[in-house]
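Protein chains in written order, with the working numbering: chain Y, 1015 to 1509; chain X, 1489 to 1586.
Calculated directly from the structure, the hints in this document are not laboratory data.
Any given hint might turn out to be false.
[Claimed, not checked] Here are the computed distance ranges between Cβ atoms for each label pair: (1) Y/LEU1490 with X/TYR1570: 46 to 54 Å; (2) X/ASN1512 with Y/GLN1061: 46 to 54 Å; (3) X/VAL1567 with Y/ALA1483: 28 to 36 Å; (4) X/ASN1512 with Y/GLU1068: 32 to 40 Å; (5) X/TYR1570 with Y/ARG1036: 24 to 32 Å; (6) X/ASN1512 with Y/LEU1286: 33 to 41 Å; (7) X/MET1541 with Y/LEU1221: 33 to 41 Å; (8) Y/HIS1116 with X/VAL1567: 15 to 23 Å; (9) Y/PRO1239 with X/ASN1512: 20 to 28 Å; (10) Y/VAL1486 with X/ILE1502: 50 to 58 Å.
Ideal Cβ placement from N, Cα and C applies to all residues, glycine included.
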Amino acid sequence: MEVLLPIVVLGGAGLLCYVIGRLSLSRSLTGCVALVAILGSGHVVYQLSESLDEGIVVGWPATGPELPLQSYLRADHLGIFLAAVALLLAGFVAVYSMRYMHRRNIGKFYALLLTMTAGIIGIGFAGDLFTMFVLFEVMSIASFILVAFEREEWEPVEAGVKYLVISTVGGLMALLGIAIVYSYTGSLDLAALPSLLAGDAGSAQLLTVAALFIVGFGVKTALVPMHTWLPDAHAAAPSGISAMLSGIVIEAGLITMLKALLAIGLANTGLLLVLIALLTMFVGNLVALRQSDLKRMFAYSSIAQMGYIFMGVGLALGYSNIAAFSGMRGGLYHILNHAIMKGGAFLCAGAFLYLLGTRDMRKLAGIGRSLPILGVCFVIFALALAGTPPFNGFFSKVLLVRAGADVGGWGLFMAVMLILNSVISLFYYVGAINTVVFGPIPDNRPKRLKPMPFLIALPIVVLAVLVLAMGVYPDLGLMIVDPAAQQLATMIGFG
Amino acid sequence: MSPYAATGIIMVVIGLYAAMTRKNLLRVVLGLSIMARGVPLIFIVGGMQTGTMSAAQSIVITIIVIEAVTVAVALSLVVAAYNHNKTLSITALRRLKG
């Protein structure tokens, strides 16, 4: 039951938020209900991780299928990791949105935010392929509506339609893969599938399924060339949702893909993933160089960061004898760091958008000097994203480079490419800092800006402090990353 | 491969083709809908082959529910797009750079 509880709490609080928002139109009250639900499920997840450390396996309705094809949830370290990152970010976004969002649709907003978070947590805990797919779609459908939330304007509608069509096609491809697995084995249990399919490694149908999983879940993960929806959707969504989409939703797509691929026993997908990672990081970084829209630039940078994460994951899958642990560790740690720093960066861009009503960096010039605290936070996020010490992005990139160096050959080449890409990304981040913080203030800007609400500034400052703290004490993050990476490494060893 | 599974795969391909090539937003949504009809057919075939038909049926009903929700959201977005542009042509969706 404990494993279902976070999902039920978030879903129930979502309904409650909708009713409260409808009746009272109070943003603080609705937001506080959402925040309490997030904290409550965070507490349950913490208890789950405690009992997991004691060796108790918690599942719902049982720890494994009692009937054939029974759908079930089971807590493991990977699920705890995903839930922890999702709840951390959702908490900050819930506080931020209390003042950022307009009061008219506040109930719907928090209901969808909580539903999306519940879907992400469910993906991590899902014990069979179909449950995982259903919760993946719960997350996706909530995110479609959230992207097109301000539908009085054109941009969110266009971005929403694109995102929905591309993403649904991807989801159905993945579902086709699941259907093929089911008709060959008669089972969808993630734990039982590797042994059922062990005899078929490398067969045509397994390669088809692997391709369908990579394309289907890869759409959600924004792998190049399936990334075209991402810059539009992430730029057009409300800023809190941009932070969630970029910080955890695309990563949840990756975890889904990883769980599905591990269930069918890899089928030699590691090297392919490394190649896609190479393409993804170059396309993301090179296109980001040319952006003048702050949120679009961060969105393209998310594509590049997914490339880094995929490099670690791909090396772990492709060279499972040497890099299984170090690659996964680098990849998962980068997921955690990316959630914190990119979440913060999007919230910061949203705060500028709230004050000045524009995302164009030239029109934002000098805003960092008018608001020194946010300016400092912006510099911290940008430098962390570029991977400069002493911020957290640096440490996870070091782990990824070390995984590459462990492998040698291809891995070494990838490590060099990652460093090269970090240098490219430094160009546009330093450019952004130069304009947004040190640029000349345009003449037509009013002398007195709107006051910055405390609840918008607070999550940004706390996230910036976290970025710095995790850069100085990397062990803070490794506490939840290491068990998950260890679990994945053991699973790869089995396949 | 049984004819049922082949029909399912053909439906997925037709739906994918429609979603990728049609210029009318409603036809794109119809394409998605056809795709989402083809996949459950393969689940049914799988249930027949492996003798787990009851489980396959519950899976198919869940897929139908998900698909209905997706199509409802898609149609609401299509209505919003129509209200902005007074056209259902997909060429109107080219203002963002992608």
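Taking the hints in turn, this is what the structure says about them:
Distance hint for Y/LEU1490 and X/TYR1570: a CB-CB separation of about 50 Å, consistent with the stated range 46 to 54 Å. About 52 Å separates the C-beta atoms of X/ASN1512 and Y/GLN1061, a value consistent with the hinted range of 46 to 54 Å. Separation of X/VAL1567 from Y/ALA1483 is about 47 Å and departs from the stated range, judged on CB atoms against 28 to 36 Å. Taking the beta carbon of each, X/ASN1512 and Y/GLU1068 are about 58 Å apart, not inside 32 to 40 Å as hinted.
Our hint of 24 to 32 Å for X/TYR1570 and Y/ARG1036 holds, since their Cβ atoms are close to 27 Å apart. Between X/ASN1512 and Y/LEU1286 the CB atoms are about 36 Å apart, so this pair conforms to the stated range of 33 to 41 Å. In this structure the hint that X/MET1541 and Y/LEU1221 lie 33 to 41 Å apart at CB is violated, the actual value being about 28 Å. Taking 15 to 23 Å as the suggested C-beta distance range, the pair Y/HIS1116 and X/VAL1567 conforms, at roughly 21 Å.
Checked against the hint of 20 to 28 Å, the pair Y/PRO1239 and X/ASN1512 passes, with Cβ atoms roughly 25 Å apart. Checking the proposed 50 to 58 Å range against Y/VAL1486 and X/ILE1502 shows it holds: the Cβ atoms sit about 57 Å from each other.
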